[in-house]
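Top line first, the protein sequences correspond to chains A and B.
With the first sequence counted from 1, adding 4 to any position gets you this note's numbering.
With the second sequence counted from 1, adding 72 to any position gets you this note's numbering.
Don't take every hint at face value.
Unchecked claim - Derived Cβ-Cβ restraints for the label pairs, each shown as a range:
| # | chain 1 | residue 1 | chain 2 | residue 2 | range |
| --- | --- | --- | --- | --- | --- |
| 1 | A | S216 | B | G182 | 32 to 38 Å |
| 2 | B | T88 | A | A17 | 29 to 35 Å |
| 3 | A | D317 | B | F91 | 35 to 41 Å |
| 4 | B | P136 | A | S170 | 48 to 54 Å |
What the hints assert, rightly or not - Derived DMTMM-like pairs: lysine to aspartate or glutamate, alpha-carbon spacing no greater than 20 Å straight-line:
| # | chain 1 | residue 1 | chain 2 | residue 2 |
| --- | --- | --- | --- | --- |
| 5 | A | K183 | B | D184 |
| 6 | A | K323 | B | D231 |
| 7 | A | K310 | B | D314 |
| 8 | A | K321 | B | D323 |
| 9 | A | K310 | B | D313 |
| 10 | A | K186 | B | E222 |
| 11 | A | K323 | B | E316 |
| 12 | B | K90 | B | E103 |
| 13 | A | K310 | B | D323 |
| 14 | A | K186 | B | E316 |
| 15 | A | K193 | B | E128 |
| 16 | A | K183 | B | D233 |
| 17 | A | K293 | B | E222 |
| 18 | A | K283 | B | D323 |
| 19 | B | K74 | B | E128 |
| 20 | A | K293 | B | D314 |
| 21 | A | K183 | B | E237 |
| 22 | A | K21 | B | D323 |
| 23 | A | K186 | B | D184 |
| 24 | A | K186 | B | D313 |
| 25 | A | K290 | B | E128 |
| 26 | A | K290 | B | D313 |
| 27 | A | K193 | B | D233 |
| 28 | A | K186 | B | D231 |
| 29 | A | K321 | B | E316 |
| 30 | A | K193 | B | D184 |
Unchecked claim - Partial list, derived from the structure: chain B residues whose beta carbon lies under 8 Å from chain A:
| # | residue |
| --- | --- |
| 31 | A100 |
| 32 | S198 |
| 33 | A213 |
| 34 | F215 |
| 35 | A300 |
| 36 | R328 |
For the record, the hints were derived by calculation from the structure and aren't laboratory data.
Think of the CB as a built atom: it goes at the ideal place given N, C-alpha and C, for glycine as much as any other residue.
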Amino acid sequence: MSEVLVIAETTAAGVRKPTLELLTAARALGEPAAVVFGEASDAVVAQLGEYGATKVYAVNAAEVGDYLSLPKAEAVVQIAGTANPVAILVTSGPEGKDVAARVAVRLNSGIVPDATVVALDGGNVVATQTVFAGRWQARSQIVRGPAVITMRPNATSAEAAAASPSVETVDVAVSEAAKGAKITSREPKVSTGRPELTDAAVVVAGGRGVGSEEGFAVIGQTADALGAAVGASRTVTDQHWAPHELQVGQTGKTVAPSLYLAAGISGAIQHRAGMQSSKTIVVVNKDPKAPLFQLADFGVVGDLHKVLPALIDEVGKRKG
Amino acid sequence: MKIVVLVKYVPEPTATWKFAPDLTVDRAGVEGRLSELDEYAVEQAAQLAEKGVASEVVFLTVGPAKASEGLRKALAIGGDKAVHVVDDAIHGSCALSTSLVLAKALEKEGFDLVLTGMASTDAELSVIPSMVADRLGINQATFAGELSVEGGAVTIRRDSDVASERITASLPAIVSVTDQTGEARYPAFKAIMGAKKKPITTWSLADLGVDAAAVGLGAASVRTIDVAPTPARTAGTIITDDGEGAAQLADFLAGRGFI
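Only chain A is shown next, with the shape it has when bound in the complex:
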């Protein structure tokens, strides 16, 4: 069976959840082989193996993280040259898109960004995308491979399938051309203690209806009661009631949690594009005409500043 290269993302806490989803999706196409940048610790290799990686390429180049995207693309192209994979899977996101785009040009390969499903169909790699602001599902065949696919986080659930990966160290030299865009500073995001927005199983998001920065606090309190991540509409981040990284929508994050609770969000098409794949949608809004009610599995027409505090009390009572 052919290899499927999975570009892994790791943090101090281990392998990121979207990478485990990629490993799960990759098994529909061939044998998952993870590409890890930097040291592949025993813990990382074990976790990759738990989700089906039969091989781990540990890319050894100290400078890879000092420059934007291109050193990683060069390394992936180098590995693809010998591994001859059927597909290369990357997590959607700024860096993932950059790396995938460069790799596709260098391999003259078809690319499908933001896929939700990948499959083999008559020996061809086929990827499904949600298009036209979420209204349509398009299936595309990659005519020239290896297929380069970026996948949306949370589109598939990560499922374990134990394998014992072999580890191959890959030495790469960062080319001079790849040193043109230098990362001069990096401030890690301060952890809020809440789940990451794109990974979270539950998201509580607030919109214009919160009224102010102080009014947005109830969104965080509700999120904490439900063990959720916090999201926001563009109005909220434009008003600086919440930081930009919490924005859900076309120019922010795309999320697909098990539960999306939207409070005070009317539901502009740009916002819906970022959340409509959520499995269960709950809407709280005092305007019964808010378009987001059309997507709601459960909707409460009412003042979020009354409904959410009461909900927090209810959750507290039921948890005892």
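Got chain A; can you put chain B on it based on the hints?
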């Protein structure tokens, strides 16, 4: 310094979009507009010209005849002139082919800095800037939340899930900008009239030295094989809060295992 801004003419987001029989986007049957996400790049270019950093600003689009309306809108916001690459053979091009056409047009026009939006509002791929960078062998600084140009280099701020980074790329370079860079100005009537006098040059594939067989639906590296409407969500329960709304909501959440 010469800036070329890549812009796209896209279907109006609020209109009903359809697929053409060949499963490409039906662009003829729908109202179009300059992609909102490219307007941010147009605005940044206009500001760099006002600051005296840019000496010339050119808008470049690839698209059908109607796409010139998008160029007129950009020219009303700022800039000096525009280039429209239009050729029937381009219809149905994949991202790889589109990036080839853009790269050839940029080579022909010449530039120090290329600006564009973080994505188009129709395809939403976000891969064209990196592809163009790779084809031209220039630096990229993508998804910029802010940008500045100084001493032959562009510096951007870029936010990811895990960090906020500053990136400096020496020119020539391509930068894609997010909505964080700031809303485009609303052009005044005088600017709209003035835009009509700014020149738009039209180029064909032959003008760019691109083989028509290398682009279009026939040469596409990815082919759409079928499309289907996203299944409609089943209508949910909507209640009006009469003091018991939170309790009913909690019942619903508990029933689905969220509490």
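Each hint tested on the structure:
1. A:S216 / B:G182: 32 to 38 Å: violated, 49 Å
2. B:T88 / A:A17: 29 to 35 Å: Violated, at about 45 Å.
3. A:D317 / B:F91: 35 to 41 Å: Given range 35 to 41 Å: violated, Cβ gap about 49 Å.
4. B:P136 / A:S170: 48 to 54 Å: Taking Cβ atoms as reference, P136 of chain B and S170 of chain A lie about 52 Å apart, which means the hint holds.
5. A:K183 / B:D184: holds, 18 Å
6. A:K323 / B:D231: It is violated: about 37 Å lies between the C-alpha atoms, which goes past 20 Å.
7. A:K310 / B:D314: Within the cut-off at roughly 10 Å; holds.
8. A:K321 / B:D323: holds, 12 Å
9. A:K310 / B:D313: holds, 9 Å
10. A:K186 / B:E222: holds, 15 Å
11. A:K323 / B:E316: Distance of about 19 Å is within 20 Å: holds.
12. B:K90 / B:E103: holds, 12 Å
13. A:K310 / B:D323: Roughly 17 Å separates the two Cα atoms, so the pair holds.
14. A:K186 / B:E316: violated, 56 Å
15. A:K193 / B:E128: violated, 38 Å
16. A:K183 / B:D233: violated, 23 Å
17. A:K293 / B:E222: Since the Cα atoms of K293 of chain A and E222 of chain B sit roughly 49 Å apart, the hinted pair is violated (cutoff 20 Å).
18. A:K283 / B:D323: holds, 18 Å
19. B:K74 / B:E128: Given that 20 Å is the threshold and the Cα spacing comes to 5 Å, the pair holds.
20. A:K293 / B:D314: With a Cα-Cα distance of about 18 Å, the restraint between K293 of chain A and D314 of chain B holds, given a limit of 20 Å.
21. A:K183 / B:E237: holds, 16 Å
22. A:K21 / B:D323: Given pair K21 of chain A, D323 of chain B is violated - Cα atoms ~30 Å apart, limit 20 Å.
23. A:K186 / B:D184: Holds, at roughly 18 Å.
24. A:K186 / B:D313: violated, 54 Å
25. A:K290 / B:E128: With Cα atoms ~50 Å apart, K290 of chain A and E128 of chain B exceed 20 Å; violated.
26. A:K290 / B:D313: Holds. K290 of chain A to D313 of chain B sits at ~9 Å (cutoff 20 Å).
27. A:K193 / B:D233: holds, 8 Å
28. A:K186 / B:D231: holds, 15 Å
29. A:K321 / B:E316: holds, 15 Å
30. A:K193 / B:D184: violated, 33 Å
31. A100: Cβ of A100 of chain B sits 16 Å from chain A, so the hint is violated.
32. S198: With a minimum Cβ separation of about 5 Å from chain A (threshold 8 Å), the hint on S198 of chain B holds.
33. A213: holds, 6 Å
34. F215: holds, 4 Å
35. A300: holds, 5 Å
36. R328: For R328 of chain B, the interface hint holds, since the closest Cβ of chain A sits about 6 Å away, which is under 8 Å.
Checked against the numbered hints given earlier, the structure breaks hints 1, 2, 3, 6, 14, 15, 16, 17, 22, 24, 25, 30, 31 and satisfies all the rest.
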